[in-house]
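A.B. asks: Sequence:
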Amino acid sequence: MTYDDLVPVIRRLAIEAGAKIMEIYNSDDFDVKVKSDDSPVTAADEAADALISAGLRAAFPDMMLVTEEQAASHKERGDTFLIVDPLDGTKEFIHRRGDFTVNIALVEKGVPTRGVVYAPARQRMFFTLADGSAVEETGSFDPDTIGETRPIRVADSDNSALMVVASKSHRDQATDDYIGKYNVKDSKSAGSSLKFCLVATGEADLYPRVGRTMEWDTAAGHAVLAGAGGKVVRFDDHAPLKYGKEGYANPFFIAYAPAVELKEA
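When we follow our numbering, the leftmost residue of the sequence shown carries the number 446, and every step to the right adds one.
It should be emphasised that the hints constitute simulated quantities derived from the structure, not laboratory data.
Think of the CB as a built atom: it goes at the ideal place given N, C-alpha and C, for glycine as much as any other residue.
Mixed in with the good hints, there may be bad ones.
Said to hold, decoys possible - Using 25 Å as the maximum straight-line C-alpha spacing, the simulated DSS-like pairs for lysine-lysine come out as follows:
1. K708 - K626
2. K676 - K633
3. K687 - K554
4. K554 - K676
5. K676 - K626
6. K630 - K520
7. K633 - K536
8. K690 - K520
9. K676 - K687
10. K630 - K687
11. K690 - K554
12. K676 - K690
13. K554 - K536
14. K520 - K554
15. K708 - K633
16. K690 - K630
17. K708 - K676
Stated by the list, open to error - Here are the computed distance ranges between Cβ atoms for each label pair:
18. D589 - Y448: 14 to 22 Å
19. D587 - H683: 35 to 43 Å
20. T447 - S634: 36 to 44 Å
21. L707 - G577: 21 to 29 Å
All chains should be built: construct the whole structure from the sequences, respecting the hints.
C.D. replies: Here it is in structure tokens:
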């Protein structure tokens with residue numbers, strides 16, 4: 446598998462999965478489905494996961510695949526693998542807030558190196574090119590043809606006036622206490638892996654996560670941010686966040702533009 450082979454496939458699958466998700470999101474009986482056992486989130490998760498998993502296995506049959514929706518894959522161990530969250534941002538989906546994403550990434554030797562984050566309700570797509578650099582695509586999102594793209598780059602952050610992004614659904618006192626250590630110009634909320642992408646584009650400088658996440662939540666956004674010159678480190682000791690951990694659970698972490706002067710936990 447080459448990066449030139451990988452990038453068009455994960456981009457196409459993200460767009461196709463996004464279309465499946467939006468069918469359910471926009472369905473007339475959305476509320477009824479939410480209140481039944483077959484919730485729209487479950488239906489959307491399953492439809493997107495089936496599409497993405499089938500596509501990846503067909504294209505790259507020899508590559509280990511970890512996906513949130515397939516518990517058996519969580520028992521697989523390795524440091525190089527594809528990892529998928531077919532619908533990241535469940536609460537955003539349920540409440541029709543739109544900040545949900547499709548996340549697909551390649552992890553190599555414990556590091557996310559290529560990835561795509563697609564927010565179909567927001568019409569925003571971020572991904573890494575074959576050379577590892579990150580771009581945002583605009584336009585019609587044709588599955589088979591990459592449209593107009595623009596390179597994205599982290600901000601040259603001003604530590605006297607930082608923009609912070611934090612979780613919509615999981616912000617707590619511990620997060621606010623940590624943010625309080627910085628000189629913050631403003632803060633914004635966002636759901637799902639879009640927070641990584643806002644740092645990648647320079648729309649935010651810092652994203653601290655003092656709460657539980659899984660590797661499939663973060664790998665694609667991590668890859669995009671790295672491709673834009675950003676970093677993701679552990680909250681406790683500022684060591685690089687690694688992947689392929691047992692159980693695929695993450696420690697607390699900080700995603701940031703390198704010009705930010707990090708504070709201790």
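A.B. asks: The structure should be examined with respect to each hint, and the outcome stated for every one.
C.D. replies: So, going through the hints one by one against the coordinates:
no. : hint                    : result
1   : K708 - K626             : 7 Å, holds
2   : K676 - K633             : 19 Å, holds
3   : K687 - K554             : 9 Å, holds
4   : K554 - K676             : 17 Å, holds
5   : K676 - K626             : 19 Å, holds
6   : K630 - K520             : 43 Å, violated
7   : K633 - K536             : 17 Å, holds
8   : K690 - K520             : 11 Å, holds
9   : K676 - K687             : 12 Å, holds
10  : K630 - K687             : 30 Å, violated
11  : K690 - K554             : 11 Å, holds
12  : K676 - K690             : 19 Å, holds
13  : K554 - K536             : 32 Å, violated
14  : K520 - K554             : 18 Å, holds
15  : K708 - K633             : 20 Å, holds
16  : K690 - K630             : 35 Å, violated
17  : K708 - K676             : 15 Å, holds
18  : D589 - Y448: 14 to 22 Å : 18 Å, holds
19  : D587 - H683: 35 to 43 Å : 41 Å, holds
20  : T447 - S634: 36 to 44 Å : 38 Å, holds
21  : L707 - G577: 21 to 29 Å : 24 Å, holds
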